[in-house]
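Trainee: Working from the sequences, and respecting the hints, build out all of it.
So you can see what is in the structure, the chains are spelled out below.
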Amino acid sequence: MNIKARLTGAFLAAVLSTTALNGAFAADDTIKVGILHSLSGTMAISETTLKDAMLMLIEEQNKKGGLLGKKLEAVVVDPASDWPLFAEKARELISVNDVSAVFGCWTSVSRKSVLPVFEELNSILFYPVQYEGEESQRNVFYTGAAPNQQAIPAVDYLMENEGVERWVLAGTDYVYPRTTNKILEAYLISKGVKPEDIMINYTPFGHSDWQTIVSDIKGFGSAGKKTAVVSTINGDANVPFYKELGNQGVKAEDIPVVAFSVGEEELAGLDTAPLVGHLAAWNYFQSVDNPANAEFIKTWKAYTKNDKRVTNDPMEAHYIGFNMWLKAVEKAGTTDTDAVLDAMIGVSVPNLSGGYSTMMPNHHITKPVLIGEIQADGQFETVWETPGLVVGDEWSDYLPDSKDLISDWRAPMSCGNFNVATGKCGGKGS
Amino acid sequence: MLMRLAYRSLQSLLVTFCLFITVFATDLRAEDDLRAMINALGEGNFSQTAKQVEALAKTGDPKIVPALEALAAGDLYQRKSDKQVFLTKSSAGNLVLIDPLSGEEVGTEASGALAKIKVNNSLRRTVRAALGGLTLMSPDAGVRLQAAQTLLRAPSADALEQVETALAAETDGRVKTVLERARAAALLVSDRPDGEKKAAIAIIGKAGGQDSLSLLSAALASADDTLKPDIEAAIADIQDRQALWAAGQNVWYGLSLGSVLLLAAIGLAITFGVMGIINMAHGEMVMLGAYTTFVVQEVIRTSFPGLFDWSLAIALPLAFLVTGAVGLAIERGIIRFLYGRPLETLLATWGISLILQQAVRTIFGPTNREVGNPSWMSGAFELGGLTITWNRLWIIVFALAVFAALLFLLKKTPMGLQMRAVTQNRRMASSMGIRTPWVDALTFALGSGIAGIAGVALSQIDNVSPNLGQGYIIDSFMVVVFGGVGNLWGTLVGAFTLGILNKFLEPYAGAVLGKILVLVLIILFIQKRPRGLFALKGRAVEA
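Those sequence lines, one after another, are chains U and L. For the first sequence, my numbering assigns the number 1 to the initial residue and increments by one for each residue that follows. For the second sequence, my numbering assigns the number 1 to the initial residue and increments by one for each residue that follows.
If a hint is listed, it holds; no wrong ones were tucked in.
Here's a subset of chain L near chain U, in silico, CB distances under 7 Å, partners left out: (1) 125; (2) 253; (3) 369; (4) 372; (5) 380; (6) 461; (7) 512.
Computed spacing ranges between beta-carbons, pair by pair: (8) L:94 <-> U:65: 34 to 44 Å; (9) L:523 <-> U:334: 56 to 66 Å; (10) U:379 <-> L:310: 24 to 34 Å.
Honestly, the hints are just simulated from the structure, not real lab data. Bear in mind that the values here come from a model prediction, so they are computed numbers and not experimental data. All residues carry an ideal CB built from backbone N, CA and C; glycine is no exception.
Mentor: Next comes the structure, spelled out in structure tokens:
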């Protein structure tokens, strides 16, 4: 499988590098924006949408007159869901195509693989997906949610509004679920949940036979205490999981499932009638009712020429990130990386949930947290939201390794992992 | 005398009349009250709405049932202009308003003029409990059964008397059993004497199952010392019984996983097992079958909605034909030039698999496509302590049927005879007048077609996305190699062995480690028996 994926990558890379090179000969009076999202392979299912969203945003901006009097030009490459290829493609975007900023990556492992490239070539990456935190890098802006902007409020909601006392933490076996569950477990125990009331379960990528696990969850839930499932199950495995839940009759009123990786796009492949009431925590839902969002949805449907296309949270993150970048470049008057990095901090732009998001010195942004319930039409209905905006916390306060760390990229500190206990930059857990 | 009689009757007439007037008036007033209460559902937050629901439930008036049902289903809307609450159904972009009490249609509104009354899980639970109480006396036994089950799952001391009244009036045997349990469950949380509670514990303990376990565990937490031993004994008893059933449940899950493996591998047992082609595009044939199902359902949804339950039956032959044709094209176009060169076949078929994936991604988009379950494939039923889901049951039946059909085709038909002849001794078969290239093409098409109908079944339990096939290709090869290349029975036994092994390892080792262990065991097994479970003997093997 792995060899197969890699060879796929190599094959497609060969095809696509020719197209990318052609782009490099374009006129010089444009500002180039790199788009680094997989258009083939397993992650294409999620990432292709983000590529389209970026192309739409760039097109819209050009209609408004571009940036600094120049037109924006998108350079699209396909890293083919192949992690080492992400690094190669990032290098190609920065050094061959000379892009001013890159919008891309989905999985944490792809982000980790491009980090050294952005550091070495000093360019800017906007990362739009909710992730496990425990990272803050000078060249990266994290516009998705950190654990305290998604996972922790979701657990709080279940504890307070649903009276949940017993927890199943179910996830796919890789870095994001493992770190998130570690944070959640520490958090739950700090809230007085007993260790025997927490069940942690990991499954491989693309797991399709959920019979045993769903029946285990039912068994775990029959201890006379209100039980909920916190799901960090990723991608393709969700559909068979929800189908099995529906078939085995696990109702949201009895054992609610709150998911961090299931959005409108994932529900589009599913009959949601048996799932009504199961929850998701995001910073944006398509159903959020405000003029900016209505406008965005209208533009998106017109751009994709498909009336049924849905929007989702990572798209909003790109919307925020792109607008922040525009504003910072205008403020700096140049696309020069160091100037833009300085200008980015403190930039504030409207988000689509009806407020403003601000870039903080730790390169994370402020967002509201929404809890939504799945509806029969495949949309979410917001049932709860944080009263104000939540600041992304890159180093979790609930993990012993990172609780003393902070990040501040403003001079004079300019450090992503400052240890407040020892007073030194470069603490443990970097 | 006569006068007196006339006077009397006049009096009674008057009394009746007055009575009638009062009853009528109270009726009207009650209806006004109800309407006001229903309108109040639209005000305030979730917990205020929940209080209104409880207040409505206290009236005990069955007229509010439709409104509550609509609330739970998310069909209750408030008109923004006058704060009136209506039931709705959508028609052509607008919403048809229905009076919450009379059930009559009273007009239409654009959806912008109405605000949906939001529900969340805890509100839905409140509504469910309220409906349980209200529908307990319904004339329909099915509705009563549902009401009793609701009360059983969410017992409350308040409902105890209601349950007892209903129990006394109940005639239907099945409803009565559930009601008795519901009464016992409510009794446990009430303040009745311990003697009655002990009897209740016995009733719940006897019922068994996860729900009873849940009830008893909850009761144990708040029980005093006189009841504790009883509850603990009942819990231990249920757990003993469940441990027995758990083994059975594991076997069932194993059979079900085995049937999925069998379906995925059986086409490969032909192309790889019988013909010896390392066909990396096998998974993509499965995917094409699943997409055929999607297209069929899409056509049915838009043009013939009544046929939806037949969609799978219609998709089966189509999937077979589509993937069979693709298989035929692949064999004639590419593979026939590569016979005897396994490495090149591997690379070529794998290239084909990439092309097919990307083609599907371009045509249908990269996202999952929705393939619905027909009603006869949804849900589950209980068999003793086993929970058996319908879709899994049908997939097992289907896998075995496909296997039997294939076996019949290979062993009892002239075409099967030719296939076996060609694979066993190509030159001899050719000398006997069999058109070997044609037989090769048909065999490959048959294997691909079978993979296609496997895709129809797998679309019911898995994603329909361009990546569908990738997940099954490794498993398929594993099954065929483990069972013994070239032997259909080996594939059958191999699939079910691996399925059951996997499911017995999973509870102890977890899904990730379980899968690794299975792989390690297979590697060890292949070391010992390189030709798999059922090795073919004779000259064909050496050829």
